[in-house]
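Take these sequences, add in the hints, and give me the full structure.
Sequence lines, in order, name chains D and V. For what it's worth, my numbering labels the leading residue of the first sequence as 11, then goes sequentially. For what it's worth, my numbering labels the leading residue of the second sequence as 11, then goes sequentially.
In short, the hints are calculated from the structure, not lab data. Computed from a prediction, not measured in an experiment: that's the story for all the values here. There could be a bad hint or two in this list.
Identical copies carry no separate label here, and so any pair may be met within one copy or between two of them.
To be verified - Pairs of lysine to any residue residues, derived as SDA-like cross-links and limited to a Cα-Cα distance of at most 20 Å, are as follows: (1) Lys76 to Arg89; (2) Lys28 to Met62; (3) Lys76 to Gly143; (4) Lys70 to Ser90; (5) Lys70 to Asn88; (6) Lys76 to Thr91; (7) Lys76 to Glu14; (8) Lys58 to Gln32; (9) Lys70 to Arg89; (10) Lys76 to Ser90; (11) Lys70 to Ser48.
There are 2 protein chains.
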Amino acid sequence: MDSELERFMDILREGGYKVTPQRIAVLKVLVGNRTHPSADQIYQEVRKEHPMISLATVYKTLELLKEMGQVMELGFSNRSTRYDPQVDPHLNLVCLRCGFIEDVYETSLNSLTNVVEDASNFEVHSGRFELYGLCSTCRSEPVAVAAGVP
Amino acid sequence: MDSELERFMDILREGGYKVTPQRIAVLKVLVGNRTHPSADQIYQEVRKEHPMISLATVYKTLELLKEMGQVMELGFSNRSTRYDPQVDPHLNLVCLRCGFIEDVYETSLNSLTNVVEDASNFEVHSGRFELYGLCSTCRSEPVAVAAGVP
DNA sequence: TTATATGCAAACTTTTTGCACATGC
DNA sequence: GCATGTGCAAAAAGTTTGCATATAA
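In structure tokens:
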């Protein structure tokens, strides 16, 4: 049914890891998720269907997926950490007012990697590209209201 | 003498903030610093000349400089936080083995901002661009040794 | 069957906060 | 002189760890 979920499960199996209900539950929250959730947000979401899961298990699963290169862990300056199942090079537009993060696919990012590898003898494995500012919604709002800003 | 230090001190004065010995000490550590130090590393460095300073004061000073846009606070996925007095758009090459961070000035980053602003109605204030991989030194080393990897 | 994973609670790390005292302007 | 800043210590927040029990393969 969900080929992306199947792909994640296969990757676990191929790595010699068990495919447990808890891991499936976390994967289901992540598949196709563009909201860049925190560990706790993932935990709260998973608990709806799987009330007995612990936050520690969520952290352990995210750590596992991160090590397998299937999830990016994004640490922000206010020490919030968000997770992104989208690991291809892309640009994150981070709104400083409402905290919303929008993904933008910009082809020039790939050439950036090539330029650096040619010029500096640095072997690129992955990347993280962020612009901070105001999203279109917040730009047009009259009054600034603090929110969950990453 | 140090015009960059003077510039920082002027910025504090213009913001209505006091120029204290503690703040000067932190600024001296930051001026021209390309090592992307952590708060504790800055604290340890400052203590050599200023043994009575507290870590809380270092944090408060960094917070102030961050709010004034004079320092970037870089949160990483292993919850280490590094500070960079270099606020112009540039690329950080982060070595996953030894933790070294190299600055690279790539002009295409500026056009990236323009492309995004034109295409997406997002108002860019600042940016953060990172490539993760192996630096030239670590590429040529035979055995992997874990280190302070951001 | 058995190596691996889970849940719990405690530990840990890093950063923030409240407050009395000190000090730059 | 007074608003602002400092140092201390305690609190907060987020993440990790140890271990007994449970379970996927």
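Results for each hint:
| no. | hint | verdict |
| --- | --- | --- |
| 1 | Lys76 to Arg89 | both (18 Å within a copy, 14 Å between copies) |
| 2 | Lys28 to Met62 | within (18 Å within a copy, 53 Å between copies) |
| 3 | Lys76 to Gly143 | between (27 Å within a copy, 15 Å between copies) |
| 4 | Lys70 to Ser90 | both (17 Å within a copy, 19 Å between copies) |
| 5 | Lys70 to Asn88 | between (22 Å within a copy, 14 Å between copies) |
| 6 | Lys76 to Thr91 | both (13 Å within a copy, 19 Å between copies) |
| 7 | Lys76 to Glu14 | within (17 Å within a copy, 40 Å between copies) |
| 8 | Lys58 to Gln32 | within (12 Å within a copy, 50 Å between copies) |
| 9 | Lys70 to Arg89 | both (19 Å within a copy, 15 Å between copies) |
| 10 | Lys76 to Ser90 | both (17 Å within a copy, 16 Å between copies) |
| 11 | Lys70 to Ser48 | within (14 Å within a copy, 26 Å between copies) |
Going down the numbered hints, you'll see the structure goes against none, and every one checks out.
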